[in-house]
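Put the two chains together into one complex; each comes in its own frame, and the hints tell you how they fit.
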Amino acid sequence: NAGVMQNPRHLVRRRGQEARLRCSPMKGHSHVYWYRQLPEEGLKFMVYLQKENIIDESGMPKERFSAEFPKEGPSILRIQQVVRGDSAAYFCASSPGRLNTEAFFGQGTRLTVV
Amino acid sequence: SQELEQSPQSLIVQEGKNLTINCTSSKTLYGLYWYKQKYGEGLIFLMMLQKGGEEKSHEKITAKLDEKKQQSSLHITASQPSHAGIYLCGAGLGSNYKLTFGKGTLLTVNP
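Top to bottom, those sequences are chains U and B. Going by the working numbering, the first residue of the first sequence is number 1, and it counts up by one from there. Going by the working numbering, the first residue of the second sequence is number 1, and it counts up by one from there.
In isolation and in its complexed conformation, chain B is listed as follows (with noise of 0.2 Å):
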């Protein structure tokens, strides 16, 4: 089984209306990082998470850890076009420099 699991692995909404995505480990975390990567493209860096209960913001789209549940959710608020594009979360498991990827989720926003 995979050591860094998304969900959902894709998701279509309706511009405007709110999405989280969700990102479990069977590890230990060792920060956890969020990418998004456009096709064919490069990843983009959204956010990186250190500690349990810490949670960032940029634009909107927020991101939070949860240590205990080893656990990671990113909530795009008021969704748009532009926000469309595979969300990858990676994570040192067991390693403080080695990320492991999720198999991303791929978002569809529709005007």
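Isolated chain U, as found in the complex (with noise of 0.2 Å):
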């Protein structure tokens, strides 16, 4: 059973450009979570997906940020005109149900914004 898969692993992107991160559940979990990882700060929760439904993208900057997860194929999260502040690592993590489950995270997409 492989784990969360995410890529790419490493993504840089020009100023101006969109990044599409990529986020593949592990088999049998229909609930995904993204987060960023900022240096000298925590891991932040973006957004909350179920196949098909946001159910809570408070983490969410409000423009330019847009998070999906399609009834098939992985979750996407899109950021688009990226800045250079956007450069973070960005983990999706999965879990069966909510918070009463094992939630397993992927290895991270790191951005870099020239």
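By construction, these hints were calculated from the structure, which means they are not laboratory data. Hints are not guaranteed to be accurate.
[As the list claims (entries may be wrong)] Quick list of in silico lysine to any residue cross-link-like pairs, SDA-like style, CA-CA up to 20 Å:
{"#": "1", "chain 1": "B", "residue 1": "K103", "chain 2": "U", "residue 2": "Q37"}
{"#": "2", "chain 1": "B", "residue 1": "K27", "chain 2": "U", "residue 2": "G59"}
{"#": "3", "chain 1": "B", "residue 1": "K38", "chain 2": "U", "residue 2": "L38"}
{"#": "4", "chain 1": "B", "residue 1": "K36", "chain 2": "U", "residue 2": "V12"}
{"#": "5", "chain 1": "B", "residue 1": "K38", "chain 2": "U", "residue 2": "R9"}
{"#": "6", "chain 1": "U", "residue 1": "K44", "chain 2": "B", "residue 2": "V13"}
{"#": "7", "chain 1": "U", "residue 1": "K44", "chain 2": "B", "residue 2": "T24"}
{"#": "8", "chain 1": "U", "residue 1": "K44", "chain 2": "B", "residue 2": "K64"}
{"#": "9", "chain 1": "B", "residue 1": "K103", "chain 2": "U", "residue 2": "E40"}
{"#": "10", "chain 1": "U", "residue 1": "K44", "chain 2": "B", "residue 2": "Q9"}
{"#": "11", "chain 1": "U", "residue 1": "K44", "chain 2": "B", "residue 2": "G94"}
{"#": "12", "chain 1": "U", "residue 1": "K44", "chain 2": "B", "residue 2": "I86"}
{"#": "13", "chain 1": "U", "residue 1": "K44", "chain 2": "B", "residue 2": "S26"}
Computed from a predicted model, the values in this text were never measured in an experiment.
In structure tokens form, the structure reads like this:
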């Protein structure tokens, strides 16, 4: 049973470009969470999704950021018109249910905006 | 102030020594998770604790949850260089799905 798969592992974008980060949850997991880790800061919650639904996006910046988890395929975190401040490690986690179950994280995508 | 405080922030121990890392919450806990992260890598799930008084062990790592104190401790026995890394505690604080994380404890184990 493969773990949570994120790709790409590293992504370099120029300012103004779009970044697409993908996350395939563990088999049997229908809950996906995205977190961002900035240097000198802890992991911060961004968004919680179930299949085809955004449950909580309270941690997402209001502009340029969006997330989806379609019926088929991976969850996508999309950042439009990236700026230097978006440079961070983005982690995806999945679980079979809410917080009464184990939550596993992927290896992360390290986004660098130049 | 941080909702989830970890202490110490960093720790250097000699191989073979025991150590404890603490995680204290300012709010009611809905599940307490411990993860380990190597620099530049992902988070490795260690343990999840749900009930007050619960204690779990995996190899030489033991974690306990004191619900009344809203605190968890992670104890490593006879530390090895392979234990080195950043230990993160995460908890559902007033939420049963959103994890809040501490800033982590950087552990160095000298051979």
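Now the hints, each set against the structure:
Of the supplied pair hints, the one linking K103/B and Q37/U holds, its CA atoms being roughly 10 Å apart against a limit of 20 Å. Distance hint between K27/B and G59/U is fulfilled; the C-alpha atoms sit about 19 Å from each other, no more than 20 Å. With a C-alpha separation of about 15 Å, the suggested pair K38/B and L38/U falls inside the 20 Å cut-off, and the hint holds. About 26 Å separates the Cα atoms of K36/B and V12/U, which puts this hinted pair outside 20 Å; it is violated.
Note on K38/B and R9/U: the hinted pairing holds, with a Cα-Cα distance of about 15 Å set against a maximum of 20 Å. Taking the CA atoms of K44/U and V13/B, the gap is near 29 Å; set against the 20 Å cutoff, the hint is violated. The suggested pairing of K44/U with T24/B holds, with an alpha-carbon distance near 18 Å, which does not exceed 20 Å. Between the alpha carbons of K44/U and K64/B the distance comes to roughly 24 Å, so the proposed pair goes past 20 Å and is violated.
The suggested pairing of K103/B with E40/U holds, with an alpha-carbon distance near 8 Å, which does not exceed 20 Å. At roughly 18 Å between alpha-carbon atoms, K44/U and Q9/B fall within 20 Å of each other, so this suggested pair holds. Using a Cα cut-off of 20 Å, the hinted pair K44/U and G94/B holds, with the two alpha carbons roughly 15 Å apart. The suggested pairing of K44/U with I86/B holds, with an alpha-carbon distance near 16 Å, which does not exceed 20 Å.
For the suggested pair K44/U and S26/B, the alpha carbons sit about 17 Å apart, so the restraint of at most 20 Å is met.
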